[in-house]
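Undergrad: Sequence:
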Amino acid sequence: MRHNRPLAPCFIGSGIVASPRDMIRVLETLESVFFSYSIDDDVVAEGEATLVKIMADSESATMAVNGCLFLNVSSFRYLEFETIEDDLCSVRLHGDGAVLRLLAVRDAETPGITVGQMRLIEESEFELSSFVGADDEEDDD
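End of the sequence shown sits at 885 in my numbering; the numbers just go up one at a time, nothing left out.
These are calculated hints, taken from the structure and not from any lab test. Each residue gets a CB set at the ideal place from its N, CA and C atoms; glycine is no exception. Hints are not guaranteed to be accurate.
Claimed, not checked - The calculated label-pair distances, taken between Cβ atoms and stated as ranges, are:
(1) V787 to S758: 18 to 28 Å
(2) R749 to I828: 30 to 40 Å
(3) P750 to D786: 38 to 48 Å
Required output: the full structure, derived from the provided sequences and hints.
TA: Structure below.
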């Protein structure tokens with residue numbers, strides 16, 4: 745059997761993605777995170793925050809303010825994720841000399857599940873309106 749269409753990439757447990765849409769999909773699994781922001785391998789800031797907004801917008805900044813993280817995938821060149829201890833994924837967003845590392849915070853009431861996973865489980869229908877997505881010409885068809 746011959747197939748003419750190219751297959752989309754498949755990442756299980758680890759991978760590197762550069763497409764804004766794929767970066768947003770990885771980040772949608774997070775909510776409460778420990779973060780570390782480094783510039784040229786020097787840690788500039790670290791703490792805990794709630795990921796309240798994910799966007800792909802060339803005019804908006806990525807900001808961590810008052811325990812809230814507003815994350816613009818357009819601030820970064822690519823996203824790298826890998827499974828580490830306890831089946832948690834470490835997410836690293838790479839910019840020009842800058843790296844934002846995110847690690848999901850486990851849900852205290854449901855061991856083994858992150859807060860972001862619990863949000864996705866509890867929502868009967870995931871609403872994309874809670875996130876600003878990347879423009880995609882293919883969706884316009």
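Undergrad: Compare the structure with each hint and give your call.
TA: We went through each hint and held it up to the structure:
1. V787 to S758: 18 to 28 Å: Between V787 and S758, where Cβ atoms are some 23 Å apart, the hint holds.
2. R749 to I828: 30 to 40 Å: holds, 34 Å
3. P750 to D786: 38 to 48 Å: Hint holds: Cβ distance 41 Å, inside 38 to 48 Å.
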